[in-house]
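S.K.: In this note's numbering, the protein residues as written are 815 to 1127.
Quick caveat, the hints were computed from the structure, so don't treat them as lab data. The beta-carbon is built from N, C-alpha and C at its ideal position, and this holds for glycine as well. Some hints could be false.
Stated by the list, open to error - Distance windows between CB atoms, simulated:
| no. | residue 1 | residue 2 | range |
| --- | --- | --- | --- |
| 1 | Leu936 | Asp988 | 17 to 27 Å |
| 2 | Arg901 | Glu923 | 28 to 38 Å |
| 3 | Pro895 | Arg1077 | 31 to 41 Å |
| 4 | Met926 | Gly953 | 42 to 52 Å |
| 5 | Asp1004 | Ser1058 | 43 to 53 Å |
| 6 | Asp1004 | Ala917 | 26 to 36 Å |
To be verified - Distance condition first, Cα-Cα at most 20 Å in a straight line; then the derived DMTMM-like pairs of lysine to aspartate or glutamate:
| no. | residue 1 | residue 2 |
| --- | --- | --- |
| 7 | Lys1029 | Asp1093 |
| 8 | Lys919 | Asp1066 |
| 9 | Lys1032 | Glu929 |
| 10 | Lys919 | Glu929 |
| 11 | Lys1029 | Asp988 |
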Amino acid sequence: MVPDPLNRRLSGVLKMIGRHPGALLSALAAGALTLVLVTWLGGEQGERSHAGDRPSLLELLDQVSKERGRQLEDAPLDTAPQAPRARSWTSPLARQCSGIDPAVKQRLETLMSQEASWRSDLAIDATNFGRRHERDAFGRRLDITPRVVVMHETVYSMTSAVNTFLTPHPRDEDQVSYHTLIGRDGRVLDLVDPSLRAYGAGYSAFLGEWAITNKRFKGSVNNFALHVSLETPSEGANNNPRHSGYSSSQYDALALVLSGWIRDFNLPPAAITTHRHVDIGGERSDPRSFDWAALQSRLASLGDLCVARALTP
815 MVPDPLNRRL SGVLKMIGRH PGALLSALAA GALTLVLVTW LGGEQGERSH
865 AGDRPSLLEL LDQVSKERGR QLEDAPLDTA PQAPRARSWT SPLARQCSGI
915 DPAVKQRLET LMSQEASWRS DLAIDATNFG RRHERDAFGR RLDITPRVVV
965 MHETVYSMTS AVNTFLTPHP RDEDQVSYHT LIGRDGRVLD LVDPSLRAYG
1015 AGYSAFLGEW AITNKRFKGS VNNFALHVSL ETPSEGANNN PRHSGYSSSQ
1065 YDALALVLSG WIRDFNLPPA AITTHRHVDI GGERSDPRSF DWAALQSRLA
1115 SLGDLCVARA LTP
């Protein structure tokens, strides 16, 4: 016999589906309704990322519908679709060779010398990352050199994100990862080697460039991108446009991670952008409440905003 509380929740599910048949059809089309129902109904059984922030069934159904946007509606294409028109990107980071805050410079230099105490590697499941493809799905040669950094946020806790990356996802449409994850306390986890491909952005492009590595999916920046994500504050576990922002420790750690990538790959600071900007579908808004001035002061103190480097796709 099904317990009364579960009966009540099932009744609520059926009523919600009745009010939102479009979301139901999207879930059915994606073959994901059973998974969505199990996820929603079982949400109270496992550890929550942030207390009281379990997404509603409608939100999960809507997420399934949005993820369908990554897939091509028809059969796999025989010829490559045209790349999207380039969207202009004006970086909030400005060239700066003077006006360096000595306290920030000293703090970051000290942190850099103690990197082993706050930065570590974590091996995630092999289904959630892969090699960078030297040819696209249509046989055309690709440049796999990392040349754009995409910043994200986790929305839920760092623990929740890590658990997701440790979970096997054999289906391409479920795979997700970042190269690096930064916690609220400034702790850094390197999850995917920069030479490899993390699955941080789905339907995406930067300066009109994408790479199609699977004919069943639209193009993305993943083949030439580096992905870093900031843990969201607890009250940000929602779809609101803003939250309280990221901690000073996170900005310190972010600056050190980015500084390393800038130097390792000869990246211009203007190549640092957001998931919101590269997302073609207009569904992503992360990282919300990002303070570019906080990053500016830190990268300037590390000397990374004084070197002139051209931004080229």
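S.K.: Does Asp988 sit within 20 Å of Lys1029, going by the straight-line distance between their CA atoms?
M.R.: With Cα atoms ~16 Å apart, Lys1029 and Asp988 stay inside 20 Å; holds.
S.K.: May I ask you to test the hint 28 to 38 Å on the CB atoms belonging to Arg901 and Glu923?
M.R.: Distance hint for Arg901, Glu923 holds at roughly 37 Å.
S.K.: Quick one: are Asp1004 and Ser1058 within 43 to 53 Å, going by C-beta?
M.R.: Since the Cβ atoms of Asp1004 and Ser1058 sit about 26 Å apart, the hinted range of 43 to 53 Å is violated.
S.K.: Against the range 26 to 36 Å, how does the distance between the Cβ atoms of Asp1004 and Ala917 compare: consistent or not?
M.R.: 27 Å, holds
S.K.: Is it true that the C-beta distance of Leu936 to Asp988 lies inside 17 to 27 Å, as the hint says?
M.R.: 20 Å, holds
S.K.: Starting from Lys919, check that the Cα of Glu929 is at most 20 Å away, please.
M.R.: 15 Å, holds
S.K.: Within 20 Å, alpha carbon to alpha carbon, are Lys1029 and Asp1093?
M.R.: Given pair Lys1029, Asp1093 holds - Cα atoms ~19 Å apart, limit 20 Å.
S.K.: Confirm or reject the claim that Pro895 and Arg1077 have a C-beta distance inside 31 to 41 Å.
M.R.: 36 Å, holds
S.K.: Within 20 Å, alpha carbon to alpha carbon, are Lys1032 and Glu929?
M.R.: Not OK: Lys1032 and Glu929 at ~38 Å, beyond 20 Å, violated.
S.K.: Just to be careful, I want the Cα atoms of Lys919 and Asp1066 compared with a cutoff of 20 Å; is the pair within it?
M.R.: 10 Å, holds
S.K.: With 42 to 52 Å as the target window, see if Met926 and Gly953 comply at their CB atoms.
M.R.: Given range 42 to 52 Å: holds, Cβ gap about 43 Å.
Of the numbered hints given earlier, the model fails hints 5, 9; all others are met.
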